[in-house]
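Novice: Chains as they are written, first to last, in my numbering: chain A, 1 to 365; chain B, 1 to 365.
Derived from the structure by calculation, the hints contain no laboratory data. Please read all numbers here as calculations on a predicted model, not as lab measurements. Hints are not guaranteed to be accurate.
[Stated by the list, open to error] Listed below are the simulated EDC-like cross-link pairs for lysine to aspartate or glutamate, each with C-alpha atoms no more than 16 Å apart in a straight line:
1. B:Lys20 x A:Glu350
2. B:Lys124 x B:Glu320
3. A:Lys20 x A:Glu39
4. B:Lys345 x A:Asp324
5. A:Lys212 x A:Glu176
6. A:Lys20 x B:Asp8
7. B:Lys363 x A:Glu350
8. A:Lys16 x B:Glu320
9. A:Lys65 x A:Asp324
10. B:Lys124 x B:Glu195
11. B:Lys65 x B:Glu123
12. A:Lys347 x B:Glu350
13. A:Lys345 x B:Glu176
14. B:Lys65 x B:Glu320
15. A:Lys124 x A:Asp78
16. A:Lys363 x B:Glu283
17. B:Lys20 x B:Glu39
18. B:Lys16 x A:Glu350
19. B:Lys363 x A:Asp210
20. A:Lys20 x B:Glu195
21. B:Lys347 x A:Glu350
22. A:Lys363 x B:Asp210
23. B:Lys20 x A:Glu176
24. B:Lys288 x B:Glu123
25. B:Lys149 x B:Glu97
26. B:Lys98 x B:Glu12
Number of protein chains: 2
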Amino acid sequence: METRSIDDILQEFLPKNELKEVNRILYGDQTNLSYLGSEEQFSYDIEKYRFTAITKNEQVPRITKIAAIQHSVVLPTDRPIQDQKLQIFKKIEHMIEKSSELGANIVCLPECWNMPFGFVTREKMPWCEYAEDCNNGPSTMFIKRLAQKHAIVIISPIIERDNADLLWNTSVVVSECGTVLGTQRKNHIPTNNGESDYYTHGMSGQRVFDTKFGKIGVTICFDRHQPQNWLMYALNGAEIVFNPAATSATDSWWPIEARSAAFDHSYYVVAVNRVGIEKFHLESGAEKIFKPFGSTYISGPNGSRTKSLSTVRDGILYAELDLDLCKQMRETLGLNQSRRLLYYKNKWTEASSNKFLPQIIQKLQ
Amino acid sequence: METRSIDDILQEFLPKNELKEVNRILYGDQTNLSYLGSEEQFSYDIEKYRFTAITKNEQVPRITKIAAIQHSVVLPTDRPIQDQKLQIFKKIEHMIEKSSELGANIVCLPECWNMPFGFVTREKMPWCEYAEDCNNGPSTMFIKRLAQKHAIVIISPIIERDNADLLWNTSVVVSECGTVLGTQRKNHIPTNNGESDYYTHGMSGQRVFDTKFGKIGVTICFDRHQPQNWLMYALNGAEIVFNPAATSATDSWWPIEARSAAFDHSYYVVAVNRVGIEKFHLESGAEKIFKPFGSTYISGPNGSRTKSLSTVRDGILYAELDLDLCKQMRETLGLNQSRRLLYYKNKWTEASSNKFLPQIIQKLQ
Numbered sequence: 001m002e003t004r005s006i007d008d009i010l011q012e013f014l015p016k017n018e019l020k021e022v023n024r025i026l027y028g029d030q031t032n033l034s035y036l037g038s039e040e041q042f043s044y045d046i047e048k049y050r051f052t053a054i055t056k057n058e059q060v061p062r063i064t065k066i067a068a069i070q071h072s073v074v075l076p077t078d079r080p081i082q083d084q085k086l087q088i089f090k091k092i093e094h095m096i097e098k099s100s101e102l103g104a105n106i107v108c109l110p111e112c113w114n115m116p117f118g119f120v121t122r123e124k125m126p127w128c129e130y131a132e133d134c135n136n137g138p139s140t141m142f143i144k145r146l147a148q149k150h151a152i153v154i155i156s157p158i159i160e161r162d163n164a165d166l167l168w169n170t171s172v173v174v175s176e177c178g179t180v181l182g183t184q185r186k187n188h189i190p191t192n193n194g195e196s197d198y199y200t201h202g203m204s205g206q207r208v209f210d211t212k213f214g215k216i217g218v219t220i221c222f223d224r225h226q227p228q229n230w231l232m233y234a235l236n237g238a239e240i241v242f243n244p245a246a247t248s249a250t251d252s253w254w255p256i257e258a259r260s261a262a263f264d265h266s267y268y269v270v271a272v273n274r275v276g277i278e279k280f281h282l283e284s285g286a287e288k289i290f291k292p293f294g295s296t297y298i299s300g301p302n303g304s305r306t307k308s309l310s311t312v313r314d315g316i317l318y319a320e321l322d323l324d325l326c327k328q329m330r331e332t333l334g335l336n337q338s339r340r341l342l343y344y345k346n347k348w349t350e351a352s353s354n355k356f357l358p359q360i361i362q363k364l365q
Numbered sequence: 001m002e003t004r005s006i007d008d009i010l011q012e013f014l015p016k017n018e019l020k021e022v023n024r025i026l027y028g029d030q031t032n033l034s035y036l037g038s039e040e041q042f043s044y045d046i047e048k049y050r051f052t053a054i055t056k057n058e059q060v061p062r063i064t065k066i067a068a069i070q071h072s073v074v075l076p077t078d079r080p081i082q083d084q085k086l087q088i089f090k091k092i093e094h095m096i097e098k099s100s101e102l103g104a105n106i107v108c109l110p111e112c113w114n115m116p117f118g119f120v121t122r123e124k125m126p127w128c129e130y131a132e133d134c135n136n137g138p139s140t141m142f143i144k145r146l147a148q149k150h151a152i153v154i155i156s157p158i159i160e161r162d163n164a165d166l167l168w169n170t171s172v173v174v175s176e177c178g179t180v181l182g183t184q185r186k187n188h189i190p191t192n193n194g195e196s197d198y199y200t201h202g203m204s205g206q207r208v209f210d211t212k213f214g215k216i217g218v219t220i221c222f223d224r225h226q227p228q229n230w231l232m233y234a235l236n237g238a239e240i241v242f243n244p245a246a247t248s249a250t251d252s253w254w255p256i257e258a259r260s261a262a263f264d265h266s267y268y269v270v271a272v273n274r275v276g277i278e279k280f281h282l283e284s285g286a287e288k289i290f291k292p293f294g295s296t297y298i299s300g301p302n303g304s305r306t307k308s309l310s311t312v313r314d315g316i317l318y319a320e321l322d323l324d325l326c327k328q329m330r331e332t333l334g335l336n337q338s339r340r341l342l343y344y345k346n347k348w349t350e351a352s353s354n355k356f357l358p359q360i361i362q363k364l365q
């Protein structure tokens, strides 16, 4: 009954040469991308890759090692909140430890990693109760301890409760010293699935964190459908943008959106999705099932990408990224060079006012 | 020695159910997309599709029928200009006639359809000699005659020579009455392949032509790498954006960029590429080969897409589009609803000035 990934299907049925050509189209030029193999743990998969830069003289590669973790909830969604959180903490502690053993410098968890994605119920309780303070809440304290212990940066997407009891969908970025470097709130909240009942659009911009391991940004789930949002991370100088997500159903554009953005802006994109089956018992008595499909993957600034993790199993996607590939793509392909921001600025200003006249041409009668 | 399309490969090797799953991921939800079959002419292929809107009460479908033509040059590239043009005219006259027979209301030709794509030589002559006046040049006169004869709109991408002998990469949009409705100049000129030696960035915006058959925009080739450009067509109300192109080599993002843009902005995108092999004899005595890979396809506003035309043969991609699917996606998915232009306008204004301070967060030392 498992949904097989298309990689598994292609691998099984295509002869070697045909598989190579299909992969070239699906995953881009693989010259700078090597597969380093897999490891199977008892309860999750590990897949390993390396992105190299274009060969260059006299320059030392600037390598950052990252791990994207996709995981499922552990207990049924109607169990006490503390129990559910603790069981997820246990699993994540192990997976972060493993990521560190692999050599990761930066670890990213999926959207709302510490809870079931109960917003699909459109019921306020108990889901609002999962929200935490970003600096001293139990999830951040837990992540701080692991970041310091392993000397790694950790991106921890949770629901934030602020001083005024307003909720936000927020990623906490914790430094390798175990301190909160800052937060990034979700900029675009969907209006078609219940989420906008719980939290609102962030106003903190598209921050780039200049970490020990490279300049990174975080943009949460639905934000990836807004091209202007991806662009701001490029303007702010990001080399890696993480996209923690909770995405389900027949979302066939997942495999291409992060890749398009990576190519358009010459940065790496790490698309990290939840996985597993979450069952909710609604007040009406009905049952609601949320089934995020995993498929975590990484796309390079040259449009090449890794295969996806499983659609049903937990996993760690580990990759070594030469960050200089960003600079090299900007220099050789030059999409940044032809951006023409000045040309757009007035149109955008008009378009966001009530004076906007769309540029429409009609035939003279 | 032909390069096979990945569709041909998948069709040959995958069992029926596996093919269905792979196609769902590669081409999106096919619920609203039907394949109407193919026709093989002596020298080119015809593929036919229909995009329907979501079932709705009491509304008449708003159908526009389009044809995207991909073709190769006819004579060797060193033959007299007039001869080369005339042979292409002959071929195109036949293909437009066939498109009209199929029922097309709007026909789009590829970038610089009336000439070899000599800009890859980086030599000025004779390529500049192909430029024409957009209103009364021989190519526009030819297109006007066909548009009027068949009562169809034709998008004719050529090199424009203006009154001051400045060249532009321009699409002429001709109405079903055979008059020039207006032009759209290429907004973003690549700086990595020679093109910027010949013509410069257009200043005419992202026009939407409110034709008898729907609101259409045209954005030429490299423009598709700039997300801010796609967005402006959405703000101006486009229902179909045509992307005539001259794209070659290992460009594995071609299959996903038009699809990403269509989904992000809830409009149809018709990606029309040149095809064939063009050999150029350089002044240095060397030979330069340009080999655009065809692969013309159409993506719907819901992220579904047709398969691609051949990578090597001429072809017509015909499709019936229910334009109401744009409105329906805007209403149900609501990506336009969460665009937040006001939130971006000041950042863009800053980013296009020399006062821009990127939003970078560093650890306190």
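Novice: Please go over all the hints and tell whether each is borne out by the structure.
Specialist: Evaluation of the provided hints:
no., hint, in the structure
1, B:Lys20 x A:Glu350, "45 Å, violated"
2, B:Lys124 x B:Glu320, "41 Å, violated"
3, A:Lys20 x A:Glu39, "23 Å, violated"
4, B:Lys345 x A:Asp324, "30 Å, violated"
5, A:Lys212 x A:Glu176, "8 Å, holds"
6, A:Lys20 x B:Asp8, "14 Å, holds"
7, B:Lys363 x A:Glu350, "37 Å, violated"
8, A:Lys16 x B:Glu320, "37 Å, violated"
9, A:Lys65 x A:Asp324, "13 Å, holds"
10, B:Lys124 x B:Glu195, "10 Å, holds"
11, B:Lys65 x B:Glu123, "39 Å, violated"
12, A:Lys347 x B:Glu350, "14 Å, holds"
13, A:Lys345 x B:Glu176, "35 Å, violated"
14, B:Lys65 x B:Glu320, "4 Å, holds"
15, A:Lys124 x A:Asp78, "14 Å, holds"
16, A:Lys363 x B:Glu283, "46 Å, violated"
17, B:Lys20 x B:Glu39, "23 Å, violated"
18, B:Lys16 x A:Glu350, "51 Å, violated"
19, B:Lys363 x A:Asp210, "8 Å, holds"
20, A:Lys20 x B:Glu195, "32 Å, violated"
21, B:Lys347 x A:Glu350, "14 Å, holds"
22, A:Lys363 x B:Asp210, "8 Å, holds"
23, B:Lys20 x A:Glu176, "45 Å, violated"
24, B:Lys288 x B:Glu123, "12 Å, holds"
25, B:Lys149 x B:Glu97, "9 Å, holds"
26, B:Lys98 x B:Glu12, "29 Å, violated"
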